[in-house]
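Starting from the known structure of chain A, arrange chain B on it as the hints suggest.
Single-letter residue listing:
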Amino acid sequence: AQKVTQAQTEISVVEKEDVTLDCVYETRDTTYYLFWYKQPPSGELVFLIRRNSFDEQNEISGRYSWNFQKSTSSFNFTITASQVVDSAVYFCALSEAPLYGGSQGNLIFGKGTKLSVKP
Amino acid sequence: KAGVTQTPRYLIKTRGQQVTLSCSPISGHRSVSWYQQTPGQGLQFLFEYFSETQRNKGNFPGRFSGRQFSNSRSEMNVSTLELGDSALYLCASKGDGYTDTQYFGPGTRLTVL
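Read top to bottom, the protein sequences are chains A and B.
Taking our numbering as reference, the numbering of the first sequence is continuous, increasing by one, and the terminal residue is 119.
Taking our numbering as reference, the numbering of the second sequence is continuous, increasing by one, and the terminal residue is 232.
Looking at chain A on its own, in the form it has when it is part of the complex (with noise of 0.2 Å):
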């Protein structure tokens, strides 16, 4: 079956120390989606990065990366000199390919790390 871990429940760091969120993950399929997204506290859950399963390069986008290793099923997220606007609940999320085109709707989330910068 699916499933999302990401086992920090909180994390709480002085701004401008980087902060890695890890998250692993399980499935059966070997084409699949990973995802990661934000929601601040106006609840609103903020796209981040679409990774698909046949695509292992890290990606760096600003302050953020990440490292994305199936042989441990892994896809962390890394914030480099974290900022107060930083705090959120960060997710991590899974989806297996659509058996037709266009369908990614049934998208599995872990339970969310709870990143708190502080000044």
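To be clear, the hints were calculated from the coordinates, so they are not data collected in a lab.
Among the clues, some could well be false.
[Unchecked claim] Derived list of chain B stretches under chain A, where covered just means 3 residues or more per stretch with a C-beta under 8 Å from a C-beta of chain A:
no. : stretch
1   : 166-179
2   : 221-230
[Stated by the list, open to error] Label pairs and their calculated CB-CB ranges:
no. : chain 1 : residue 1 : chain 2 : residue 2 : range
3   : A       : Thr30     : B       : Gly177    : 20 to 28 Å
4   : A       : Gly62     : B       : Gly181    : 43 to 51 Å
5   : A       : Ala7      : B       : Leu202    : 26 to 34 Å
Quantities reported herein were computed from a predicted structural model and do not represent experimental measurements.
From the three backbone atoms N, C-alpha and C, an ideal C-beta is built for every residue, glycine too.
Chain B in isolation, oriented as in the chain A frame:
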């Protein structure tokens, strides 16, 4: 382009009542999915609609239902509300493309008293 909008943003109901939540997707998106978020269960998939047809369904009782209109707007209905239905209900829309991503709305916070 306007994002996903959900109405109302907050709702208070009592046990036994029914409620209807509305979601307007991003213009051009035909897929709308609904999720329930609670502190205990986290984010759980309810159902997905595409071109007015339910395409996927999560593991929720029949009290939870939805529909989608020809303009892709979607409604979610919960009948005979229970205290445990108190949650943040999130709607997401995506395009038709195989690799398109789901974009979420701000959610409707439902409180059942």
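Hints versus structure:
no.	hint	result
1	166-179	holds (count 6)
2	221-230	holds (count 7)
3	Thr30(A) to Gly177(B): 20 to 28 Å	24 Å, holds
4	Gly62(A) to Gly181(B): 43 to 51 Å	45 Å, holds
5	Ala7(A) to Leu202(B): 26 to 34 Å	30 Å, holds
Every hint from the earlier list agrees with this structure, and none is contradicted.
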